[in-house]
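Use the sequences and the hints to build the structure in full.
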Amino acid sequence: MKISKKQGFKAFAGMTMLATAISMTACNDDDNKSSGGQSQEESGYVSETSYSAGAIPEEASKVDVMSYNMPYSNGEIHPSSAMVIYPKTEKPSDGWRVVVWTHGTTGVGDRCAPSKMAMNENFLVTANNLLERGYVIVAPDYEGLGNQGIHPYLNLESEANSAIYAVNAFKEKYGADLQGDWMSIGQSQGGHASLGVAQFANDDENYKGAVATAPASSLGYIITNVAPDAIAYYDAINQRDTAIAIYSELLSYAAYVGVGIKAYNPSFDYKQIFNTQAYNVAVNAEGTNGDDGLCLPEMIDRYKADINNYLNQNTSATVMDYPALTADFATNTVVAEFLKNSQPGTVKLNKPIYVVQGTLDTAVPYQVTQALVNGMNALGTTPAVQFDLVTGAGHTQAIIDRNEQIMDFIEAKMPAS
8 MKISKKQGFK AFAGMTMLAT AISMTACNDD DNKSSGGQSQ EESGYVSETS YSAGAIPEEA
68 SKVDVMSYNM PYSNGEIHPS SAMVIYPKTE KPSDGWRVVV WTHGTTGVGD RCAPSKMAMN
128 ENFLVTANNL LERGYVIVAP DYEGLGNQGI HPYLNLESEA NSAIYAVNAF KEKYGADLQG
188 DWMSIGQSQG GHASLGVAQF ANDDENYKGA VATAPASSLG YIITNVAPDA IAYYDAINQR
248 DTAIAIYSEL LSYAAYVGVG IKAYNPSFDY KQIFNTQAYN VAVNAEGTNG DDGLCLPEMI
308 DRYKADINNY LNQNTSATVM DYPALTADFA TNTVVAEFLK NSQPGTVKLN KPIYVVQGTL
368 DTAVPYQVTQ ALVNGMNALG TTPAVQFDLV TGAGHTQAII DRNEQIMDFI EAKMPAS
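Position in the sequence shown (from 1) plus 7 gives the number in the working numbering.
Some hints here could point you the wrong way.
As the list claims (entries may be wrong) - With a straight-line cut-off of 35 Å between C-alpha atoms, the simulated DSBU-like cross-links for lysine-lysine are:
1) K215 <-> K355
2) K215 <-> K420
3) K123 <-> K95
4) K123 <-> K278
5) K123 <-> K347
6) K311 <-> K269
7) K269 <-> K347
8) K420 <-> K355
9) K215 <-> K269
10) K215 <-> K278
11) K69 <-> K420
12) K347 <-> K420
13) K347 <-> K95
14) K269 <-> K355
15) K95 <-> K69
16) K269 <-> K123
17) K311 <-> K123
18) K215 <-> K95
19) K347 <-> K311
20) K215 <-> K347
21) K123 <-> K98
22) K420 <-> K98
23) K215 <-> K123
24) K347 <-> K278
25) K311 <-> K278
26) K69 <-> K98
27) K215 <-> K69
28) K98 <-> K215
29) K95 <-> K420
To be clear, the hints were calculated from the coordinates, so they are not data collected in a lab.
Given below as C-alpha cells:
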C-alpha cells in the first residue's frame with residue numbers, strides 16, 4: 008500500500024511532542040527447541056548471574072541474566088545475553104510457558120543493554136501483568152548490546168535470532184521445567200523485532216504468535232517523506248522546540264542505523280550519509296569502537312543542542328535548514344539494501360499477529376503501520392493480522408492503553424497453564 012505525503016503529514020498534525028521510545032532442571036530434548044535461525048552447533052546456553060542493575064518487577068520472584076552463544080550477523084558465533092524473569096506463581100504441572108519481550112531503541116553501546124540498566128516504567132507494566140498471569144519472560148539484549156561487537160540496529164534477522172537463540176538456550180538448560188510454547192511481544196524497535204521473530208520462527212510449532220506495538224517500519228520513507236513535512240509544520244506555527252525534538256530523535260535513529268550497518272559491513276562509512284555538522288554528532292552513537300556509544304536520551308540531547316546552536320548562529324534559518332542527512336541518504340546503495348532487508352511483514356505468516364498503534368504517534372505514524380498491516384494481510388497471512396488503532400495515544404502510550412487486550416490475546420493463544 009502506497010502512502011501519500013499528505014497522509015504522512017496528517018499523521019503528525021496536531022501532535023505536541025515526539026515521544027521518546029524508551030524499552031529448573033536441565034533437559035536437552037531437541038524436540039523442545041525452537042526452530043528458525045542458523046545452525047545450533049556452536050550456540051546455546053553458557054551461564055547466568057543475578058540481575059543487579061535495578062529493582063525487579065513487583066510480581067517477579069527473581070531475575071537472572073543468561074549468557075548464551077548465537078550466530079552474529081557477520082556469521083561468527085559470539086555470546087549474547089538476556090534477562091530471564093520468573094513469576095511468583097506456582098509452576099504449572101506441565102511446565103512454564105515463555106513470553107519473549109523484545110525491547111525498543113536504547114542505543115548501540117554496551118551500557119545501553121537493558122540487562123545493564125534499570126527497567127523502564129512502561130516495560131514494568133507489561134512485565135508485571137505477564138508475571139501475574141504466570142508467564143516466564145525472556146528479554147534478550149540483542150546481538151552486540153552488552154557483549155562483543157556492534158549492535159546491528161534494526162537488522163530484522165539479527166533481532167529475531169537474538170530472541171530465538173535465547174529461547175533455545177533457556178530450553179536447553181531448563182527444558183524439564185518448560186512446557187515448550189512461547190510468544191513474542193515488543194514495542195517500537197521491539198515491535199519490529201517481534202514481527203521479525205514471527206517471520207523467522209514461522210515454522211516453529213511451539214511459537215504461538217506475536218504482539219507488536221508501534222512497530223518500526225518504512226524508516227526510509229519516514230525520514231525522507233513524512234518527517235520533513237512535520238518538522239516544517241511545527242516550525243511554521245512557532246512550535247520550534249517540538250520541531251527540534253522530532254528532528255533530534257529522527258537523526259539519532261539514523262545515526263544508529265549508520266553505526267549498526269558496520270556490524271556486518273565494516274567497510275561502510277556512515278559519514279557518506281551525513282553532512283559534516285550532523286556527522287560530528289552522529290559519531291557519538293558509535294563512540295570509539297561501537298561498544299561505548301551514547302544511549303538514546305543522550306543522543307537526542309546532543310542533537311537538540313547542536314540544532315539549537317546552528318539556529319542561534321543562523322538566525323534566519325529554519326529547523327529543516329540544519330545540515331543533517333545527505334540528499335541521497337535513502338538511495339545510497341548500502342542503506343537502500345538495509346532498508347529493504349530491515350522491512351518487516353514482507354512474507355506470508357501463519358501465526359496470530361496483534362498490532363497495536365496510537366493515532367498520535369510521531370515516531371511511527373499510524374498510516375505507516377496501517378500500510379504494513381494491509382500489506383501483511385494482502386500476502387495471505389492467516390489468521391489475518393489484528394490491527395488495533397488507539398485514538399489519542401502516542402508512541403509509548405498505546406501499549407499501556409491496550410494492556411488488558413494484549414494480555415487477553417496472549418492468554419487466548421497460549422494459556423499460562
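To see whether the hints hold, each was checked on the structure:
1. For a cut-off of 35 Å, the pair hint linking K215 to K355 stands: about 15 Å separates their Cα positions.
2. Distance hint between K215 and K420 is fulfilled; the C-alpha atoms sit about 6 Å from each other, no more than 35 Å.
3. In summary, the hint linking K123 to K95 is supported, as the alpha carbons are separated by about 23 Å, within the 35 Å threshold.
4. Taken as a hint, the K123 and K278 pair is honoured in the structure, with Cα atoms around 29 Å apart against an allowance of 35 Å.
5. For the hint linking K123 to K347, the alpha-carbon distance of about 31 Å falls within 35 Å, and the restraint holds.
6. In summary, the hint linking K311 to K269 is supported, as the alpha carbons are separated by about 25 Å, within the 35 Å threshold.
7. Between K269 and K347, the direct Cα distance comes to roughly 16 Å. Compliance with the 35 Å bound is thereby established for this hinted pair.
8. This hinted pair checks out: K420 and K355 have alpha carbons roughly 19 Å apart, not beyond 35 Å.
9. Under the criterion of a C-alpha separation no larger than 35 Å, the hint pairing K215 with K269 is consistent with the structure, at around 33 Å.
10. Simply put, K215 and K278 have alpha-carbon atoms about 42 Å apart, too far for the 35 Å limit, and the pair is violated.
11. About 26 Å separates the Cα atoms of K69 and K420, which keeps this hinted pair within 35 Å; it holds.
12. Restraint check: the Cα-Cα separation between K347 and K420 comes to about 31 Å, which is no more than 35 Å; the hinted pair holds.
13. For the suggested pair K347 and K95, the alpha carbons sit about 43 Å apart, so the restraint of at most 35 Å is broken.
14. Between K269 and K355 the CA atoms are separated by roughly 30 Å; this keeps the pair inside 35 Å, and the hint holds.
15. Proximity of K95 to K69 is assessed by CA-CA distance (about 8 Å); at most 35 Å being required, the pair is judged to hold.
16. Between the alpha carbons of K269 and K123 the distance comes to roughly 23 Å, so the proposed pair stays at or under 35 Å and holds.
17. Taking the CA atoms of K311 and K123, the gap is about 26 Å. The hint holds against a cut of 35 Å.
18. Between K215 and K95 the alpha-carbon distance is near 23 Å, which keeps this suggested pair within the 35 Å criterion.
19. For the suggested pair K347 and K311, the alpha carbons sit about 29 Å apart, so the restraint of at most 35 Å is met.
20. With a CA separation close to 27 Å, the supplied pair K215 and K347 stays within the 35 Å bound.
21. This hinted pair checks out: K123 and K98 have alpha carbons roughly 28 Å apart, not beyond 35 Å.
22. A distance of roughly 19 Å separates the Cα atoms of K420 and K98; the hinted pair therefore holds under the 35 Å criterion.
23. Of the supplied pair hints, the one linking K215 and K123 holds, its CA atoms being roughly 29 Å apart against a limit of 35 Å.
24. A C-alpha spacing of about 21 Å is found between K347 and K278, which places the hinted pair at or below 35 Å, so the restraint holds.
25. For a cut-off of 35 Å, the pair hint linking K311 to K278 stands: about 20 Å separates their Cα positions.
26. For the proposed pair K69 and K98, the alpha carbon gap of about 14 Å is at most 35 Å, so the pair holds.
27. A C-alpha spacing of about 25 Å is found between K215 and K69, which places the hinted pair at or below 35 Å, so the restraint holds.
28. For the suggested pair K98 and K215, the alpha carbons sit about 20 Å apart, so the restraint of at most 35 Å is met.
29. Simply put, K95 and K420 have alpha-carbon atoms about 22 Å apart, close enough for the 35 Å limit, and the pair holds.
Against the hints set out earlier in the document, violations occur for numbers 10 and 13.
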